[in-house]
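Visitor: Okay, here's what each chain looks like letter by letter:
There are 2 protein chains.
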Amino acid sequence: MSEQAEKQTSVKARLPRGLADRGPGELAGADRMMHAIREIYGLYGFEAVETPFIEYTDALGKFLPDQDRPNEGVFSFQDDDDQWLSLRYDLTAPLARYVAEHYDKLPKPYRSYRAGFVFRNEKPGPGRFRQFMQFDADTVGAASVAADAEICMMAADALERLGVARGDYVIKVNNRKVLDGVLEAAGLEGEGRGAQKLIVLRAIDKLDRLGADGVRLLLGPGRKDESGDFTKGADLSTAAIDRILSFTSARGGDNATTLSRLAATVGESARGLEGVAELQEMSALFDAGGYGDGRVVIDPAVVRGLEYYTGPVYEAELTFQVKDEYGRPVRFGSVGGGGRYDGLVARFRGEPVPATGFSIGVSRLLAALQAIKSPIVTGAAPQGPVVVLVMDRDQIPRYQGFVAQLRAAGISAELYLGSAGMNAQLKYADKRNSRCAIIQGSNEREKGEIVVKDLVAGAALAKAAKDMPREEYLALKERAQFAAPEADLVAAVKDVLGR
Amino acid sequence: MSEQAEKQTSVKARLPRGLADRGPGELAGADRMMHAIREIYGLYGFEAVETPFIEYTDALGKFLPDQDRPNEGVFSFQDDDDQWLSLRYDLTAPLARYVAEHYDKLPKPYRSYRAGFVFRNEKPGPGRFRQFMQFDADTVGAASVAADAEICMMAADALERLGVARGDYVIKVNNRKVLDGVLEAAGLEGEGRGAQKLIVLRAIDKLDRLGADGVRLLLGPGRKDESGDFTKGADLSTAAIDRILSFTSARGGDNATTLSRLAATVGESARGLEGVAELQEMSALFDAGGYGDGRVVIDPAVVRGLEYYTGPVYEAELTFQVKDEYGRPVRFGSVGGGGRYDGLVARFRGEPVPATGFSIGVSRLLAALQAIKSPIVTGAAPQGPVVVLVMDRDQIPRYQGFVAQLRAAGISAELYLGSAGMNAQLKYADKRNSRCAIIQGSNEREKGEIVVKDLVAGAALAKAAKDMPREEYLALKERAQFAAPEADLVAAVKDVLGR
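Protein sequences appear in the order of chains A and B. Numbers 1 to 499, taken from my numbering, label the letters of the first sequence in order. Numbers 1001 to 1499, taken from my numbering, label the letters of the second sequence in order.
Please keep in mind that the hints were generated in silico from the structure rather than gathered at the bench. Some hints could be false.
[Stated by the list, open to error] Mimicking DSS-like on lysine-lysine, the simulated pairs with C-alpha atoms at most 30 Å apart in a straight line are: (1) A/453 / A/431; (2) B/1062 / A/123; (3) B/1197 / B/1062; (4) B/1105 / A/453; (5) B/1463 / A/105; (6) B/1477 / B/1463; (7) B/1105 / A/323.
[Said to hold, decoys possible] Covered stretches of chain B, as calculated for chain A (at least 3 residues, CB under 8 Å): (8) 1012–1024; (9) 1039–1049; (10) 1073–1080; (11) 1131–1143; (12) 1283–1292; (13) 1391–1403; (14) 1423–1433.
[Said to hold, decoys possible] So the derived label-pair ranges between C-beta atoms look like this: (15) B/1010 / A/329: 47 to 57 Å; (16) B/1105 / A/329: 26 to 36 Å; (17) B/1214 / A/23: 40 to 50 Å; (18) A/161 / B/1027: 19 to 29 Å; (19) B/1442 / A/232: 55 to 65 Å; (20) B/1478 / A/351: 50 to 60 Å; (21) A/447 / B/1268: 38 to 48 Å; (22) B/1123 / A/39: 33 to 43 Å; (23) A/367 / B/1350: 31 to 41 Å; (24) A/482 / B/1208: 51 to 61 Å.
Please read these numbers as outputs of a predicted model, since none were measured by experiment. Heads up, the beta-carbon is just placed ideally off N, CA and C, and yes, glycines get one too.
Given these sequences and hints, build the entire structure.
Guide: Have a look at this one:
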């Protein structure tokens, strides 16, 4: 191997763009967050399921958001029988495959949740990764919008469980049928209008970022952005654009006001009225559950960028602001969203299977929780192990015995395994965030003693002011390092860890 | 969408070969198992780290076991800048990349663990998947074999923590340097012997399966298997083969006996003697830690199939037998293994970086724990949610209120969201493994009552013998279904759940 190693030293240790390693702090925070979400989802009767990372490309279909060129965006490769395989790009398409494949044995309605990495073969950027984690919950086989309402309430509960205060988030709800009604009333429904409708959807989805004026351009002739790039518009008439923008701005002070405005906007469209009735039904459920107090709000400005939604759509938004590293206010905005996709399982089964689901962007939510210092993700910095120093190499079995005693008492502990001297060993313990180190040189060994170093007290001692009262100084010194009988090792360490 | 759906109903819902979905039971068992392993690894001072699934192909290198054609076996694809990317095939190569990339900021020695899926683009078979999970622990930067010994003891602790009884497992330890010494003593060392050495390694690695006679053929002229396929042999002389087989069978009744036999087998080879001395050092540590009682055993028959090991190699074996579904005895054998790979990080850094690590095959270990019915993975079957039936669709907000009360009390509960009648709703509750269902029709509503159905008592009632004493029957009937005031919903459900 060493020969081979010398030949190959030109290999550079680096990751492809848009991929990242995660250390113990981030992993522990994410674990606690996911555990809390699972708890809430379990309370709602959702059960865990997991699908593999690789699927047949045709089974996944092409349902990427904002993906005009559908063959791009996905990592794909050919199997040895020439069939195309892809890394999953979301957790919804694999769920549709899973439900269709196991349809008969699943309870229906089938409530499930799953968390896992998904992959996008896109240009990465700040906060935009090619591998990232989603946490999804879906109900398949329930046509009633009570299923959508339930997921909205569950999202609210999950955010509060994670430490987001009431008032710092809102679940926004809309219905694609209402939008369809508005388009119909504007004379934009019918055969061959699919592409135009998608442009309208994506234009409205940019309201947050571009404002009404920007969206007006995208609904009309098109829009040139700051960089000079031109985006083709939907070429709608001014009357149609006005109607759409009066729809998206129809949110009132409460859900009842919003609903009556929407009813006016859809005119006579049967589909539009059906959508309004569904929102009314959901609104009644939010009120009955106590979520109609501003936690779950009907907001027609929410449409979601995905083509496959067929009914209610919803989005979880964090409304508070935090300062970024330059002191600028940053609003967190959306941390998850979803909606009803009654056609997705139908791709496999040839009959419509009603379904609705919600997806959390795990990294974004984690960043938000870190920003508000939620105890779920911050907690105490993980305490490093007790480090037993190696003073005499021929005594390693004896030191190993100390370590074993500590572990048997449930204390994380390790033998220093490098070849450095005592000072470097103590520095190592600091780097591991250890609370204490155990030392036994030949002097101590002969006396049957160990020396316990409290590294926190030691650091305080090193920083102590010169004019510290002598008694205080001596007490600190005594705490920072003291001898104990070898037999009292565990008790002495417990004493320091309990300080 | 529905139009599109009709067009696409020819898509078949299926997974590519060698990939599998996992349901709630298996996921819960695996979660508990991994949690227990993390606890033990944490006690030993190992910290979590995670690397992405995709790496540069050249950074991963070609270190697959039993992979004669190294370009196969790995899922690879080209990035948009034409560089080759691969899905990781193990967790060791990415760790080497990670350590090399972050070398200066890591504590050294660096103890870490990581669990995650790896991918093999191989022909799948029974129990052989193309995506499977490994759980690895590695110490990088410690040249001392105390690091190897520590990992062996940690593996023993982990197995016991998982419910494998002492005596039902053994950690077997060997050292590649001893094998090198044997080969040297047999006149097989030196330039250009690499390929032959690899054949010898892989032949010995098959001892378990082929026995000494089969391995003798592989070390000599070659071997034809049952299917008639011929495997080329190492073409060694009879004297060399005898020496190797006397080495692999050198295990004695205890480690001391084995060590003295090994010392005799390596002759004058300096490298062989160094290997024996390392095993001696490890043996002393096992004794000091109390693991020399047969839990960690020096066994020269263990060589491991990977080329890159440079010193100690070790394997965790489950020694008990269980019956398979046909009643045949099955021995679990190896559930994990590892060894020292001092050259792997060197590929990036141009200087040797000592490292040793251990990898658990998660699915195999999980299957073993299920076979011995370890409480870690079996536990109680997960209890399904309380199901609130929908008797009158216009009362859904009221039913939703019941569900919210139960959840607020920490009880997993759900509203039935389908469109079926009462009997189908009760069947659904059974399928969800629910303990009880809540019913409120118009009669109960008018009286301000609910009906609680205990589904377990109900099942017992349905099966009750005809000649059951009447009093007993009535008591069972009362338990199976009873009315309660609506205000006592939570208390009544708690009563049933506590039965």
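Visitor: The structure should be examined with respect to each hint, and the outcome stated for every one.
Guide: Here is how each hint holds up against the structure:
1. For the proposed pair residue 453 of chain A and residue 431 of chain A, the alpha carbon gap of about 15 Å is at most 30 Å, so the pair holds.
2. This hinted pair checks out: residue 1062 of chain B and residue 123 of chain A have alpha carbons roughly 28 Å apart, not beyond 30 Å.
3. Between the alpha carbons of residue 1197 of chain B and residue 1062 of chain B the distance comes to roughly 17 Å, so the proposed pair stays at or under 30 Å and holds.
4. As the CA atoms of residue 1105 of chain B and residue 453 of chain A are separated by approximately 24 Å, the hinted pair is consistent with the 30 Å bound.
5. Restraint check: the Cα-Cα separation between residue 1463 of chain B and residue 105 of chain A comes to about 24 Å, which is no more than 30 Å; the hinted pair holds.
6. Between residue 1477 of chain B and residue 1463 of chain B the alpha-carbon distance is near 12 Å, which keeps this suggested pair within the 30 Å criterion.
7. With a C-alpha separation of about 28 Å, the suggested pair residue 1105 of chain B and residue 323 of chain A falls inside the 30 Å cut-off, and the hint holds.
8. Taking a C-beta to C-beta cut-off of 8 Å, the region 1012–1024 of chain B contributes 11 residues in contact with chain A, enough for the three needed, and the coverage statement holds.
9. With a cut-off of 8 Å between beta carbons, the region 1039–1049 of chain B has 7 residues touching chain A; three or more are needed, and the interface restraint holds.
10. Given a C-beta distance limit of less than 8 Å, the hint that chain A covers the region 1073–1080 of chain B holds, as 5 residues qualify and 3 suffice.
11. For the region 1131–1143 of chain B, the proposed coverage by chain A is satisfied: 5 residues have a C-beta within less than 8 Å of a C-beta in that chain, meeting the threshold of three.
12. Given a C-beta distance limit of less than 8 Å, the hint that chain A covers the region 1283–1292 of chain B holds, as 6 residues qualify and 3 suffice.
13. A count of 5 residues in the region 1391–1403 of chain B with a Cβ less than 8 Å from any Cβ of chain A is obtained; the coverage claim is therefore met, three being the minimum.
14. Under the rule that three or more residues need a Cβ within less than 8 Å of chain A, the assignment of the region 1423–1433 of chain B holds, with 3 such residues.
15. Our hint of 47 to 57 Å for residue 1010 of chain B and residue 329 of chain A holds, since their Cβ atoms are close to 52 Å apart.
16. The hinted window of 26 to 36 Å between residue 1105 of chain B and residue 329 of chain A holds, with their beta carbons roughly 32 Å apart.
17. A hinted range of 40 to 50 Å for the beta carbons of residue 1214 of chain B and residue 23 of chain A is consistent with their spacing of about 46 Å.
18. The hinted window of 19 to 29 Å between residue 161 of chain A and residue 1027 of chain B holds, with their beta carbons roughly 21 Å apart.
19. Between residue 1442 of chain B and residue 232 of chain A the Cβ separation comes to about 57 Å, which falls inside the hinted range of 55 to 65 Å.
20. In this structure the supplied range 50 to 60 Å is violated for residue 1478 of chain B paired with residue 351 of chain A, their Cβ-Cβ distance being about 44 Å.
21. One distance hint, 38 to 48 Å for the beta-carbon pair residue 447 of chain A and residue 1268 of chain B, holds here, with the actual separation near 44 Å.
22. Range check, residue 1123 of chain B to residue 39 of chain A: about 41 Å between beta-carbon atoms, so the 33 to 43 Å window is met.
23. Take residue 367 of chain A and residue 1350 of chain B: their Cβ atoms lie about 37 Å apart, and the range 31 to 41 Å holds.
24. Checked against the given bound of 51 to 61 Å, the beta carbons of residue 482 of chain A and residue 1208 of chain B, roughly 53 Å apart, stay inside it.
The structure shown violates just one earlier hint, number 20.
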